[in-house]
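*Asks:* Heads up: the protein sequence lines correspond to chains A and B, in order.
Take 1 as the starting number for the first sequence in my numbering and just add one per residue.
Take 1 as the starting number for the second sequence in my numbering and just add one per residue.
FYI, nobody ran anything at the bench for these hints, they're computed from the structure.
Hints may contain errors.
35 Å max Cα-Cα, derived DSBU-like pairs, lysine-lysine [said to hold, decoys possible]:
{"#": "1", "chain 1": "A", "residue 1": "K251", "chain 2": "B", "residue 2": "K65"}
{"#": "2", "chain 1": "A", "residue 1": "K251", "chain 2": "B", "residue 2": "K98"}
{"#": "3", "chain 1": "B", "residue 1": "K41", "chain 2": "A", "residue 2": "K219"}
{"#": "4", "chain 1": "A", "residue 1": "K231", "chain 2": "B", "residue 2": "K40"}
{"#": "5", "chain 1": "A", "residue 1": "K224", "chain 2": "B", "residue 2": "K157"}
{"#": "6", "chain 1": "A", "residue 1": "K251", "chain 2": "B", "residue 2": "K149"}
{"#": "7", "chain 1": "A", "residue 1": "K153", "chain 2": "B", "residue 2": "K149"}
{"#": "8", "chain 1": "A", "residue 1": "K293", "chain 2": "B", "residue 2": "K132"}
Here's a subset of chain B near chain A, in silico, CB distances under 10 Å, partners left out [as the list claims (entries may be wrong)]:
{"#": "9", "residue": "S55"}
{"#": "10", "residue": "A76"}
{"#": "11", "residue": "A86"}
{"#": "12", "residue": "A94"}
{"#": "13", "residue": "E97"}
{"#": "14", "residue": "K108"}
{"#": "15", "residue": "V112"}
Where a beta carbon is used, it is the ideal one built from N, C-alpha and C, also for glycine.
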Amino acid sequence: MADKIKVIIDGIPTEVAPGTSILNAARQIGGDIVPPAMCYYSKLEGSGGKCRTCLVKVSKGSEKDPRPMPKLVASCRTNVMDGMEVQNITSPEVQEARKGVVEMLLINHPLDCPICDQAGECHLQDLGYKHGAEATRYEFDRRTFERIDIGDKIQLHMNRCILCYRCVYVADQITENRVHGILGRGDHAEISTYIEKAIDNDFSGNMIDVCPVGALTDKTFRFKSRVWFTKPVEAHRDCPTCSGKVTLWYKGEEVLRVTARKDQFGEVEEFICNTCRYDKKDTKDWVIEGPRKVSRQSVINSNHYEQMQPLPVVKKNLALQAANKEEFERTTKL
Amino acid sequence: MESLSGRKKVLEQKPMNFWERMYLPAIFRGMAITFMHMFKKKETIYYPEKEREFSENWRGMHSLKRDEQGRERCTACGLCALSCPAEAITMIAAEREKGEEHLYREEKYAAVYEINMLRCIFCGLCEEACPKEAIYLDGPIVPADYLRKDFIYGKDKLVEQPITELEALKAAQD
C-alpha cells in the first residue's frame, strides 16, 4: 500500500497515497483547481458529503477501468484510483452544477450580509460571489427562526445555517458530552440544543471557527466591528489546555476578537480553548509574532471594485449609454 | 530662434499714427462696451437667498434615509466607510433592542454615524456601495462654518426627518 498512485486533476499530474480523496489530492496541488468545500473539514472525521459544492467530473475512472463516472461526484468523499483523471475548473458541466448547488444553499439563506458578523470571511459569501447567480429565483417564504443564545458566548442564527454538520462533529470529536445537535428531519432540520442548554465545554468556542457561514458567531464580538476594519495579528501564549496559537483581531489598540489560525483552505490549524478565545483580550496576555498574511484578493486587504454601476443620468440617456458602452463592457464581471 | 512648435506668433510693432496717438477713439470704444453691459442680463445668483438649479447627478450633503414606515435604513454594514477614498465616514454599530423595531429596520443599526465634511470629496462612492439604499448625496451644498469640529456631521444632521415631523412642518407653514 505504500506505493503512490497517479492522478491527473485538470491536466496537472500528481502522486498521492492510496485512500486519499480527490479533494485532498487537489489540495496537495493547490491553486485554483482546488474544489471549494463548505462541509468537509480535514480535521474532523466523517465530515463532508453534505453540501455538494466540491462536485467534480471524473472523466477517466482508473487505469484498469477507463470508463468515466456516470455522474459528477463529491470530491471530498471519492477516493482517487490509479490513473484517474478529474476535471474541476476545466469542465463547464462542473461549473454549471456548482452554480446550481450555490443557488440551492442560498434558498433558505437570509442574505443579511450587511448585518452578519461573518461577512468578509464567510465561505458562502465567497462561493456565492464566485459561482452564484445575481438574482434569486426563489419566490416562497424562507424558513425563519428566532436567534438562539448557546451559552453566553455563542450566538446561533439558524436562518443562516447551511446544515454542514461541522459544529456537531467538533462537539463530538473535540469536546465531551455534546449537548447540541440536529433536530428534525429534511426541510425541518435545525441545529439546536434541547431547552437551549448552554454549552460550557472548554473547547466549545471552536464551533464558531468551523462554521463556514455566520450561523455560529462570537457573542463577545457581536456587532463590534466589521471584519475588514480589524487587523489580524498572529500571537501565542502559554496555555495549559490548548496550543495557545491564535490570531488576534485588532482595532486600534484594542483586541476585539481572538480566533484560531486558519490555513489557506479556511480550516483551523489548531483548535483553541475558550479561555484563550474569550478571556484573554489584552495585548499583555500575548506574545505577538507579527501581522497575519492576508491574501491580496481578500476584502481585509483591499478596496476592490469590479463592476461599474451606471449613474442615474446615464441610465436614462441612450446617447450617454452608447458613449460609455466600452467602459461598461470592460468593467463587467466575467 | 525658431519656435519648435511653430505656433509662436511674433508681433510687429509699428509706430502709431495720429488717431491712435490721440487715444480718445479707443477710450470711447472701451467705454461703450462697458456701458452695454449695464443692460445685459445679470449672471449673479444671490446664494443663499436664491439657489441655482442643480444637475440631476449633483452630489451634495449626505442624508441617511428612512423607509416607508419611517425606520432608519442604515444597518451599519460599513461598506460606505470601506469604499470611501477619503476615509471620511466612521460609525459604531449597536444591536436593536426589543421594542425598537419601529425605529430601526434591521437587527443592527448605526448608533453613531459620522461624516467629516472636510475630508469628504463628494465622490458618491458611499452611495454606490450602500446595499440598503440608506445613504444618498441628495442634499444641498454643505454650509460653511468656523470650527473644524463643526464639520463632523453626526446622525442629528444626517438622518432624514421622520415623515410625521415633515408633515407637521408643512402644516405649520401653510
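*Asks:* Determine which of the earlier numbered hints do not hold for this structure and return their numbers in increasing order.
*Replies:* Violated hints: 3, 4, 7, 11, 13 and 15; rest satisfied.
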